[in-house]
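Chain by chain, the residues:
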Amino acid sequence: MSHQLPAILFLLPLFAAISMPVVCLKHRHWSYPISVATLAVMVLVSILNLQNVIHHGEVRYVFSGWTVPLGIEWVADGLASVILVLLSALGLLGVVFTGSTSPKDLGGRIVHYYTLILLLVSALTGIVFAGDLFNLFVFLEVAAISSYALIGVAGGRALFAAFRYLVLGTLGASLYLLGVSYLYAVTGTLNMSDMVDKLPFLLSSKALVGGLIFMFIGLAIKMALVPFHSWLPEAYTYAPESISPILASLVTKVALLAWFRIIYWVFNASIVINDIPILLLVAALGTLATVIGASLALAQRDLKMMFAYGGISHIGIILIGIGQGNQTGFAGGVFYLLNDAVMQAGLFFFAGVAFCQYGVRTIDDLGRVGKQAPWLTGSLIVMALGMVGLPPTGGFFGKWYIILGALEAGNYVSVAAVLLSTLLTLAYFVKLFECIFRQSSTQLDVQSGGIPFPFKLTLGVTTAAIIILGLFSGPIVQLLLDHALPPGL
Amino acid sequence: MIRPHDSIIVQTLGRFVIPVVQIFGLYVLFFGQYGPGGGFVGGVILGAGMILSVLIFGHDASRSQYARNVLHGDGVGMLIYAGVGGLCMIGGGEFLNYANLDIPGLETASRRSLGIVLTQIGVAVDVAVTAVSIVFSLSAEEIMEDSING
Numbered sequence: 001m002s003h004q005l006p007a008i009l010f011l012l013p014l015f016a017a018i019s020m021p022v023v024c025l026k027h028r029h030w031s032y033p034i035s036v037a038t039l040a041v042m043v044l045v046s047i048l049n050l051q052n053v054i055h056h057g058e059v060r061y062v063f064s065g066w067t068v069p070l071g072i073e074w075v076a077d078g079l080a081s082v083i084l085v086l087l088s089a090l091g092l093l094g095v096v097f098t099g100s101t102s103p104k105d106l107g108g109r110i111v112h113y114y115t116l117i118l119l120l121v122s123a124l125t126g127i128v129f130a131g132d133l134f135n136l137f138v139f140l141e142v143a144a145i146s147s148y149a150l151i152g153v154a155g156g157r158a159l160f161a162a163f164r165y166l167v168l169g170t171l172g173a174s175l176y177l178l179g180v181s182y183l184y185a186v187t188g189t190l191n192m193s194d195m196v197d198k199l200p201f202l203l204s205s206k207a208l209v210g211g212l213i214f215m216f217i218g219l220a221i222k223m224a225l226v227p228f229h230s231w232l233p234e235a236y237t238y239a240p241e242s243i244s245p246i247l248a249s250l251v252t253k254v255a256l257l258a259w260f261r262i263i264y265w266v267f268n269a270s271i272v273i274n275d276i277p278i279l280l281l282v283a284a285l286g287t288l289a290t291v292i293g294a295s296l297a298l299a300q301r302d303l304k305m306m307f308a309y310g311g312i313s314h315i316g317i318i319l320i321g322i323g324q325g326n327q328t329g330f331a332g333g334v335f336y337l338l339n340d341a342v343m344q345a346g347l348f349f350f351a352g353v354a355f356c357q358y359g360v361r362t363i364d365d366l367g368r369v370g371k372q373a374p375w376l377t378g379s380l381i382v383m384a385l386g387m388v389g390l391p392p393t394g395g396f397f398g399k400w401y402i403i404l405g406a407l408e409a410g411n412y413v414s415v416a417a418v419l420l421s422t423l424l425t426l427a428y429f430v431k432l433f434e435c436i437f438r439q440s441s442t443q444l445d446v447q448s449g450g451i452p453f454p455f456k457l458t459l460g461v462t463t464a465a466i467i468i469l470g471l472f473s474g475p476i477v478q479l480l481l482d483h484a485l486p487p488g489l
Numbered sequence: 490m491i492r493p494h495d496s497i498i499v500q501t502l503g504r505f506v507i508p509v510v511q512i513f514g515l516y517v518l519f520f521g522q523y524g525p526g527g528g529f530v531g532g533v534i535l536g537a538g539m540i541l542s543v544l545i546f547g548h549d550a551s552r553s554q555y556a557r558n559v560l561h562g563d564g565v566g567m568l569i570y571a572g573v574g575g576l577c578m579i580g581g582g583e584f585l586n587y588a589n590l591d592i593p594g595l596e597t598a599s600r601r602s603l604g605i606v607l608t609q610i611g612v613a614v615d616v617a618v619t620a621v622s623i624v625f626s627l628s629a630e631e632i633m634e635d636s637i638n639g
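Protein chains in written order, with the numbering used here: chain A, 1 to 489; chain B, 490 to 639.
Hint data in this document are derived by calculation from the structure and do not stem from the laboratory.
Virtual Cβ for every residue (Gly too), placed ideally from N, Cα, C.
The reader is advised that the hints may include incorrect statements.
For each label pair, taking beta carbons as the anchor points, the in silico distance ranges come out as [claimed, not checked]:
no., chain 1, residue 1, chain 2, residue 2, range
1, A, Phe453, B, Ser622, 35 to 43 Å
2, A, Pro69, B, Ser622, 34 to 42 Å
3, B, Ile623, A, Ala299, 37 to 45 Å
Here are a few chain B residues that face chain A, going by a calculated C-beta distance under 7 Å [what the hints assert, rightly or not]:
no., residue
4, Asp563
5, Leu568
6, Glu583
7, Phe584
Full structure from sequences and hints, please.
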């Protein structure tokens, strides 16, 4: 049974998504409990899968029994299994959160709304597990199409933001596909493990270099790396409150995961093309992204916009860790990815609660939260500690390992960039807290009442998770070092 | 909203052509086992037949009843597909490994043949529903305006 787990993990949300329109035809309010139950089961299965992978090694699952170069392969190695636990847990929290905030005027279309969320989760699972380059593209597209629709649900400015995301996202997917076709033309295979055997003899090929660059640009648009990030802030800001946390915490991170799976697992990370080591290129772009993202975040007044730029700068930090080409940097990068996903989810949960309960959109309105909801402010403080990277939180240990990795590689510019972005992050959170605690804040009487239970639950869990990830950083990083490292690192 | 076509020639021809189109669609769907054809093409032809009936007899006509009902089957095709795959998993094989379909009295080759027919039916249903729903959403002007203004 245990060898079926990777397929079950993918099929569970997919099955629920496609049966939703039929099951909920007459009872549209069933869609919420069904989604929550599905994702709760998925969390359990993903934990079982992680245990199985740790004890018995990686699982390779071939659909419909065709052998590898021909068949479609699912690779559940340590890295994928760890990410899957994160993905399903955050998906569950996101859907629980959705219960109190989903747009009211959806009517019967609420069923399709949950269908799209489940479809998004299953597509992201597909990206994490995909063992061949073409299926990775298919799931990138499924995930992207569900996100466009979910962002557009809010109407108004969200439609414009979603359309812009659609144009850029499609461009990214097309470039990725073009890159895959170049690689296919050179190697004659799409399966990743099969390609590994064929690539070393072909490194001088220009088509290979072209394909790699196209794939990188395509995925860079998907992960919102800095020169290609312009779709992200507006899309996440104007998306419905309930959708931003899932999108912000998962979609860009999974695209990033796809990129370092290609660069480490398919290509050898140490390859040098035309005297340029490709990893250095990645680290350099990460350095730019982290500084520019944090500076832009400092300039924002809209709460969600600020958090979105914060996320862009953290993508850069993860890339710096991944790009060092040593074990410490890689484990630090992956560990920071876990933390960043949790923190982004928490921050957008906060923004959602602040808007739904207190009508807060910009940081100037935050004074209301400070007076009326001390617990909300408390959770924001914990998240801020995590984002800045102060000791008991996971953010600190992630940055610590990334800096250690950069020092090991002798890459002092990266160290400086991480420190600079930490300072800038501190600066924009100081700006935020200055608005919360300023006495002369505008007192608008918003009838808030009690905060609904789903809000408390999701905020509480993410806040606790930031601390727990910090306290257990040792075992988690050890786990990553033991099971999730790419071959030959 | 699509109104009935007012030409008597089109209406009369439609009555004869549409059933032929549907039967041809089913033929292509099942012939996919032995030659060119299969679920996608069969589904397109089935969908085209329903679209034709909507275009000729109008959205509200009793002859378009079938096409209107089909819209409720959003996920049914995928469900058939995934259901067959799930049965294979229950039978102990990989997802969509038809050799593991647990049907007594059938050899492996017949199981594979049956499995692929079932999944192709699922694909055909899904393609047909998608084709019809595209036509309906393009023709429903008032719903579109509501969603933009709201």
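Hint-by-hint comparison with the structure:
{"no.": "1", "hint": "A/Phe453 - B/Ser622: 35 to 43 Å", "in the structure": "holds (37 Å)"}
{"no.": "2", "hint": "A/Pro69 - B/Ser622: 34 to 42 Å", "in the structure": "holds (37 Å)"}
{"no.": "3", "hint": "B/Ile623 - A/Ala299: 37 to 45 Å", "in the structure": "holds (43 Å)"}
{"no.": "4", "hint": "Asp563", "in the structure": "holds (4 Å)"}
{"no.": "5", "hint": "Leu568", "in the structure": "holds (5 Å)"}
{"no.": "6", "hint": "Glu583", "in the structure": "holds (5 Å)"}
{"no.": "7", "hint": "Phe584", "in the structure": "holds (5 Å)"}
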